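Novice: Line by line, the protein sequences are chains A and B.
Oh and the first sequence: position 242 is 244 in the numbering used here, straight run, nothing missing.
Oh and the second sequence: position 110 is 120 in the numbering used here, straight run, nothing missing.
By construction, these hints were calculated from the structure, which means they are not laboratory data.
Where hints are given, some of them may not hold.
[Stated by the list, open to error] Partner residues are not named here, just some residues of chain A that face chain B (Cβ under 8 Å, in silico): (1) Cys169; (2) Ser453; (3) Gly455; (4) Gly468.
[To be verified] Now the stretches of chain A that chain B is said to cover, found in silico as 3 or more residues with beta-carbon under 8 Å: (5) 59 to 69; (6) 208 to 221.
[To be verified] If you want the ones that stay clear, here's a sample from chain B, every Cβ over 12 Å from chain A, calculated: (7) Arg118; (8) Met128; (9) Gln129; (10) Asn142; (11) Gly158; (12) Gly239; (13) Gly250.
Since the structure is predicted, the reported quantities are computational estimates derived from the model, not experimental observations.
Ideal placement from N, C-alpha and C gives every residue a C-beta, glycine not left out.
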Amino acid sequence: MPAITETLETVQAVTDSGYKWGFETNIEMEFAPKGLSEDIVRFISAKKKEPAWLLDWRLKAYRHWLTMEVPHWAAVSHPPIDFQDAYYYAAPKQGPKSLDEVDPELLKTYAKLGIPLKEQAILAGVEGAGDTPAEGRMPIAVDAVFDSVSVATSYKERLAKDGIVFCAISEAVQTHPELVREYLGSVVPQGDNYYAALNSAVFTDGSFVYIPKGVRCPMELSTYFRINAKSTGQFERTLIIADEGAIVSYLEGCTAPMRDENQLHAAVVELVALDDASIKYSTVQNWYPGDAEGRGGIYNFVTKRAACRGKRSKVSWTQVETGSAITWKYPSCLLIGDDSVGEFYSVAITNNRQQADTGTKMFHIGARTRSTIVSKGISAGYGQNTYRGLVKISPKATDARNFTQCDSLLIGDKCGAHTVPYIENRCMSAKVEHEATTSRIAEDQLFYCRSRGLTQEEAVGMIVNGFAREVLKELPMEFAVEAQKLLAISLEGSVG
Amino acid sequence: MLKIENLHATIDGKQILNGLTLTIAPGELHAIMGPNGSGKSTLGYVLAGREGYEVTEGSVTYNGHDLLAMTPEERAVAGVFLAFQAPVELPGVGNANFLRTALNAVRRARGETEVDAMQFLKLARARMKVLNMADDMLKRNVNVGFSGGEKKRNEMLQMAMLSPSLALLDETDSGLDIDALKMVADTVNSLRGPNFSALVITHYQRLLNHIVPDRVHVLSAGRIIRSGGPELAEELEATGYAASVAA
Chain A
3 MPAITETLET VQAVTDSGYK WGFETNIEME FAPKGLSEDI VRFISAKKKE PAWLLDWRLK
63 AYRHWLTMEV PHWAAVSHPP IDFQDAYYYA APKQGPKSLD EVDPELLKTY AKLGIPLKEQ
123 AILAGVEGAG DTPAEGRMPI AVDAVFDSVS VATSYKERLA KDGIVFCAIS EAVQTHPELV
183 REYLGSVVPQ GDNYYAALNS AVFTDGSFVY IPKGVRCPME LSTYFRINAK STGQFERTLI
243 IADEGAIVSY LEGCTAPMRD ENQLHAAVVE LVALDDASIK YSTVQNWYPG DAEGRGGIYN
303 FVTKRAACRG KRSKVSWTQV ETGSAITWKY PSCLLIGDDS VGEFYSVAIT NNRQQADTGT
363 KMFHIGARTR STIVSKGISA GYGQNTYRGL VKISPKATDA RNFTQCDSLL IGDKCGAHTV
423 PYIENRCMSA KVEHEATTSR IAEDQLFYCR SRGLTQEEAV GMIVNGFARE VLKELPMEFA
483 VEAQKLLAIS LEGSVG
Chain B
11 MLKIENLHAT IDGKQILNGL TLTIAPGELH AIMGPNGSGK STLGYVLAGR EGYEVTEGSV
71 TYNGHDLLAM TPEERAVAGV FLAFQAPVEL PGVGNANFLR TALNAVRRAR GETEVDAMQF
131 LKLARARMKV LNMADDMLKR NVNVGFSGGE KKRNEMLQMA MLSPSLALLD ETDSGLDIDA
191 LKMVADTVNS LRGPNFSALV ITHYQRLLNH IVPDRVHVLS AGRIIRSGGP ELAEELEATG
251 YAASVAA
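Construct all of the structure, not just a fragment, from the sequences and the given hints.
Specialist: Below is the structure:
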C-alpha cells in the first residue's frame, strides 16, 4: 500500500472514531454551534434518532458536497456565502425584539393582506412571538380556513382512513422507514447539485406523503394542515409518493411574506408517480425579498424534481414566485413511463432588486410522453428575471411532444427579462414547439383602465393578473384568489 | 356643467389646441366636427386626463371642480366617460371582471353599495339585451379579438353601465354599419336627461341624424371657428369643411 494512502486511512480512522463529538457539546444541547462539519451532520442525525443507514446517507452527501463547487451558471449575483457562518440545527433566536424593528414596508404588506397583529409578529420573526398560540390558533397558521388544531386533527383522521400517510419526514423515518429508504434520493440523488448535496447532508424536516394504490386523496394537502409545521427550517426536504392510480394535490407555501434570519434556503422536493398516478404540486412562494435595496432578503436555492415512473403517470408543477431576494429553482419532470405527462406553469415576479433564475427541465424518456411549459416572467424596478429551461428528448421517446410558451412583461426601463431555452432532440418523430414574447405594460392600457375609474395600482394589478391568467387558473381555488391579490401587492409602486 | 376656457394644449411640444372655449350646460348634447388634425381627439384626451398632453394655458371646470387638476380615475368616478376611438385590448382580463371593477369604483365614489358578481351579471345582462349584445361578450377578454363593431358596442355597454354625467364620444361612429350606428345613438339617447351632458366628436353628419345635438361646433387648427344649431351639421355635409375654414 502506498504510504500516502495509508496515512490518509489512518487519519480517516482517527477522525471517524476519536473525533465523533469534536466540539464542546452533546446530544442534550438544544442547538448545535455555528458551522458545518461531519460532527454537525452526526449531531442532527442523532438528535432525530435516525437509523444508521440514514446517517451514512447524510455523511455520503456531506463528503460529496465538500468536493463540489458553488454553481455560477445562473444569471444571479450575490456575495459568496460563508457556510461556516450559519447554524444548521435550531439556531438560537435572534429576530427583532418587537414589530417596531421590522421593515415598515413588510408591515404595510401584512396590513394589506389583512393579517392580524399577533400573526404579523410571528411571520416577521419577532422573538417570542410564536411561543404561545394566540386565541387557540395554530402557532404558524396563516390561512383562516385551516387555522385550528382540531380541524387539522380531524383531517388527519380522515386521511388515515384511506391509508394516506401525511406527516413530517422525520416522523416518517420512524414510522415508515421502508418507504423513506426506498424513495429518498431516488429522484434527486445526494450529489445532484451543490445545494441538493448540502440539503441531503443537513436537512432538518419537511413533509412526507404516501398515497396508496388507487386512492384519490379526498382533499388538497397543505403544509398548513401539518401540526408542528413550525420551524421546518432552511433545509426543507419533501417526499411525495403516489402509488399506482393514486391522485393527490399538494399546496406549499403561503401568500404572507415570511421573514427569516436564515438567509439561505435550500430545499429539496422529490415526487414519484407510479402507473396511472397523478400529482399536482402548487407553490406560492413569498419569502422576504429584502428592503428596496435588496438588503436582508432570502436566497431561495431549491431543487424540485418529479419522476413519472409509471405508464400514463402525470405530474403538474404550478408556481407563483413573488418573494426572495434571489430565486434559483427548476421544478423538473423525468418522463420515464410511456405516455406520461409533465406540466410546468410558472409566474415569477421580480421587483426592486430581486433576481430570479427559474424554469424547468423536461426529460422525455418514454414513448409518447408529453410536456407543457408555460412561463410568465414579470420584471419591475431593477428586477432581473430569467427563464431557463431544458427540453430533452431521448431516442426512445417516439412521438414525444413538447409545447413551451415563455412570456415576459416589463414594467419600467431599469429591469431585465431573459429567456434561455435549451432543446435537445434525439428522436425524429418528436414534436417540439417554442413560443416566446416580451412586452411592456402599454401606456394606453393603463390609461384605458384609469379612464374607467381604476387607480393606477388597480390597473397594474389587473393587467398583470391578465398576463398571468393561464398560470393562475391552474392553481387550486384556495390559492388562486390570494395569489391574484399577491401579484398586485408585489408590484405596488412599480409604475408612475 | 362643463366650462372650457381658452384651452391651449401641446403634445411633444407641438401645439394642438389653440384657445378653445366651450360651455356645455347640464342636459345638453354638443357635437364637435372638423377635419382630420383639427384637434378633436386631443380635446377628448385632455378632458379625460391622458398623460403626454400638456395644457399650457386656459382652464377646464366641471361641476365647479378644476378638472385639469384631477387624475384620470378621479375624473372617471366624478362622472366623466371617454368612449375611445380605438378601444384598448387587455389580454387575460375578463370583460365582466373589468366592468364590475369599474362599476364598483364609480359606485363607491357615489356612496352606493358595491355590487357582487351575481348582481352585476343581472344588471349587465339587462343592458346587453337592450344593446343587442351576445352574452358571451362578458366572458371574453376585454376587446381581445373583438371586431371593430364589437369594440364600439363594448364601449357603449360600459357607458350605459357606468351612467356618466359627461360622456365624451371620440368618433364612436367611425367604421360602423348602419345597425351599429343606430345602437350607439340609442344608447346615447337612452341616457339623455337633465343630468347628462355629452360631447360627440365626429367627422360626419350621419350620426347626428340619430342623435340630435343642441349645438354643433366646427373645430379647426385647435379652436372653434363656427357654432350653430343642428342645421350647421347638414350645411357642413353639403359644403365641406373647407368653406367654413376659409370663411
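Novice: List in ascending order the numbers of the hints, as given earlier, that are violated by the structure.
Specialist: The structure breaks hints 1, 5, 6 and 7; every other hint is satisfied.
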